[in-house]
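Protein chains in written order, with the working numbering: chain A, 1 to 283; chain B, 1 to 421.
Source of the hints: derived by calculation from the structure; they are not laboratory data. Don't be surprised by glycine CBs; every beta carbon is placed ideally from N, CA and C. Any given hint might turn out to be false.
If we take Cβ atoms under 7 Å as the criterion, some of the chain A residues that face chain B in the derived model are [said to hold, decoys possible]:
hint, residue
1, Ala32
2, Leu34
3, Phe50
4, Gly229
5, Thr232
6, Val247
7, Arg248
Read off the chains here:
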Amino acid sequence: MFLLPAALFLGLFSLYPLVQLVRMAVSQVTAATLNADWVFTGLDNVRRGFETGQTGPAISRTLVFVVVVTVLGMLVGFGAAIALRTTGRWSAWLLALMVFVWALPPVVNGSVWKFLLNDAGLLNTVLLSTGLRETPVPFLYDQHWALFSVAFVNAFAVIPFNTLVFRAALMTIDPEVFEAAQLDGASKWQQIRHIMVPSVRPTTLVLLILTLVYGFRSFDFIYVMTYGGPGTATNTLPFLGYLQAFVRYDYGLGAATSALAVVGVLVLAVVYARSIKREEADG
Amino acid sequence: MNARRTSLIALAAAGALGLAACSGGTSAGGGGGSTSGSGGEGDGVVTVWHYFSDPNQVALMDAYKEKFESENDATVENVYVPYDQMNSKLVSAAGAGTGPDVVVFNGADAATLALGGVLAPLDEQWADFADADQFPDSVLHSVDDQLYAVQGYVNLLGLWYNQDILDEIGVEPPTTMAELEDAMAAAKDAGYGGITLSGLPQSQGEWQAYPWITDAGFDYENPDADALAAGFERVRGWVDNGWLTQEAVTWDQTVPFQQFAAGKTAFAQNGNWQIGTAESDADFAYGVVPLPLGDTGGVYLGGEGEGIGAHADDPELAWEYLQSTYLDAKGQELAPDLVGSIPSRADTAQADVVTSNDLLDPFARTIADFGASYPATSIPPAAVADVQLTVGQAWSAVIGGQQTPQAAADQAVAALKSQIG
Numbered sequence: 001m002f003l004l005p006a007a008l009f010l011g012l013f014s015l016y017p018l019v020q021l022v023r024m025a026v027s028q029v030t031a032a033t034l035n036a037d038w039v040f041t042g043l044d045n046v047r048r049g050f051e052t053g054q055t056g057p058a059i060s061r062t063l064v065f066v067v068v069v070t071v072l073g074m075l076v077g078f079g080a081a082i083a084l085r086t087t088g089r090w091s092a093w094l095l096a097l098m099v100f101v102w103a104l105p106p107v108v109n110g111s112v113w114k115f116l117l118n119d120a121g122l123l124n125t126v127l128l129s130t131g132l133r134e135t136p137v138p139f140l141y142d143q144h145w146a147l148f149s150v151a152f153v154n155a156f157a158v159i160p161f162n163t164l165v166f167r168a169a170l171m172t173i174d175p176e177v178f179e180a181a182q183l184d185g186a187s188k189w190q191q192i193r194h195i196m197v198p199s200v201r202p203t204t205l206v207l208l209i210l211t212l213v214y215g216f217r218s219f220d221f222i223y224v225m226t227y228g229g230p231g232t233a234t235n236t237l238p239f240l241g242y243l244q245a246f247v248r249y250d251y252g253l254g255a256a257t258s259a260l261a262v263v264g265v266l267v268l269a270v271v272y273a274r275s276i277k278r279e280e281a282d283g
Numbered sequence: 001m002n003a004r005r006t007s008l009i010a011l012a013a014a015g016a017l018g019l020a021a022c023s024g025g026t027s028a029g030g031g032g033g034s035t036s037g038s039g040g041e042g043d044g045v046v047t048v049w050h051y052f053s054d055p056n057q058v059a060l061m062d063a064y065k066e067k068f069e070s071e072n073d074a075t076v077e078n079v080y081v082p083y084d085q086m087n088s089k090l091v092s093a094a095g096a097g098t099g100p101d102v103v104v105f106n107g108a109d110a111a112t113l114a115l116g117g118v119l120a121p122l123d124e125q126w127a128d129f130a131d132a133d134q135f136p137d138s139v140l141h142s143v144d145d146q147l148y149a150v151q152g153y154v155n156l157l158g159l160w161y162n163q164d165i166l167d168e169i170g171v172e173p174p175t176t177m178a179e180l181e182d183a184m185a186a187a188k189d190a191g192y193g194g195i196t197l198s199g200l201p202q203s204q205g206e207w208q209a210y211p212w213i214t215d216a217g218f219d220y221e222n223p224d225a226d227a228l229a230a231g232f233e234r235v236r237g238w239v240d241n242g243w244l245t246q247e248a249v250t251w252d253q254t255v256p257f258q259q260f261a262a263g264k265t266a267f268a269q270n271g272n273w274q275i276g277t278a279e280s281d282a283d284f285a286y287g288v289v290p291l292p293l294g295d296t297g298g299v300y301l302g303g304e305g306e307g308i309g310a311h312a313d314d315p316e317l318a319w320e321y322l323q324s325t326y327l328d329a330k331g332q333e334l335a336p337d338l339v340g341s342i343p344s345r346a347d348t349a350q351a352d353v354v355t356s357n358d359l360l361d362p363f364a365r366t367i368a369d370f371g372a373s374y375p376a377t378s379i380p381p382a383a384v385a386d387v388q389l390t391v392g393q394a395w396s397a398v399i400g401g402q403q404t405p406q407a408a409a410d411q412a413v414a415a416l417k418s419q420i421g
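So that you can see chain A by itself, here it is in the shape it has in the complex (with noise of 0.2 Å):
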């Protein structure tokens, strides 16, 4: 009785657009249909994407992206939970400060990050002024920097939230496994190593998919920052969903590769929801 209205807020929110998104992806669906009744064409949009040539590059992309994101956000996130572990002023201040940065919404956070990262910005005119460059950084008009520098982007966008996590998991470690690591000679790598790391690793695992869907939803850095440019280059899944459903209003289309994205996603939910389930059994 009492799950009745989260299923319901669930089933109308979630289940529906899903099924839905489902149906228009196996549907020829453009903006003089989409108002009236789909027609059935079974995986002719996903046959269509392919044939195009824009799937295939944009799924390499995308796990390319994903892995950047991921990577970045794990390790840069840990390390920071590390070394704000401490209580204490700094440590308070630096945590807001990640706060802000987490709650920025992505379109401020990116524009900022654009500013920051063209030829006139803050990085390459210290990198010009300092000499290490002579030219500026292509960072968003290279083909190849272009994805990087928004993948690098999106992580940084997401370190905060992870160093929230694993700052809290760090916290919940006895002191007195320190202070006996300590005693015993134990480094600093060696504590992280032998303590910090295993202590986390259920937290890691659950963080490691969250960060993993949050890679593979990658669509408002990109939006901002380069709107799928240079040419295709940092078209992702999701940002060639909306180029397909909302620039070429072929919905079907959208819908098609958006669904591709979706699947990725829902194999990470349930890989997801069964590490849920066995820290629960764990704990």
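Following the hints, put chain B in place on chain A, whose structure we already have.
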């Protein structure tokens, strides 16, 4: 399919795609939309959806609001919708049976919006409109022989130049391509940028590419990869020579003009709508000449189309608004004054406010010499968005170095042939 089910499906479709794509848009139909009327009375409020954020363009919207309200016992509510979200919001809203009374949209999207059920046909109103003969066919947007929108003014591209820089390097404003390229080379040698333009991989990029690719002999009626490659090759050469920054691929049309207004670049390929911005931001002498194109070159005659929403709660009041503002002779005189747009009415185009403006004259000459329908008439209505994205992405890929001009042209033309048929 009943209205309720249609609404739910439209809402869900937008929601589903939005979830998958994480679109930053808000829900369809929100923000000032009027509910569908079934021929009932309106609320005395004309809701106008537009995508203007530039202060001068917003001032024009405010001036139209003021004019209409002073002449009628009604209220105008101007609602800003981001450009990139305008069409999808309109189509989704139409599916939910709602939408604005008046839509001010990119004229090139008229077919998309008409096919999406967003716009109401204007044939009856237009047949009774006394001043209809003042408007050339190029500003009337019809789909399947039905009129859906009219442009109150024309916007197009010209070549802005920084007179101070040209004086310093000792050249006159260019009238040929060779003169333009020589001037850009001289500007670069003097430590300035050559030209700014937009290389964004979408419709704005296609709009900016069109003069250069048509100058090289390309047209949409018989898309030729070699001609397209030749146009791309020329502009890529500008990047290779250091006259145009590759960073242009991240710029919409506003940013390159801001760069030009900063005074460090000799030329800008930009529109008449920047006249207000130039006046307020540029502290150097400047002027405009037509783009130095050859016989085949074309410049799109763009601008915003104005139409009545298919679900307007008071279409008659909406038509009154259009007659009082965008279609009115005095109303059209506000556009050149505030944003530098060229009135679409034949009589207003001859008004003092236009003929006494030196900056508008080159644009008027461009209309006569190079004016081209936007979108090209050979593109089927349903393929306009596809074509614009395809060429915009190819343009961006060439400027950004993702593809060679020939490879980008080959790929684009292969796609265009299936889109245009």
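Structure-based check of each hint:
| no. | hint | result |
| --- | --- | --- |
| 1 | Ala32 | holds, 4 Å |
| 2 | Leu34 | holds, 6 Å |
| 3 | Phe50 | violated, 14 Å |
| 4 | Gly229 | holds, 4 Å |
| 5 | Thr232 | holds, 6 Å |
| 6 | Val247 | holds, 6 Å |
| 7 | Arg248 | holds, 5 Å |
In summary, the one numbered hint that this structure violates is 3.
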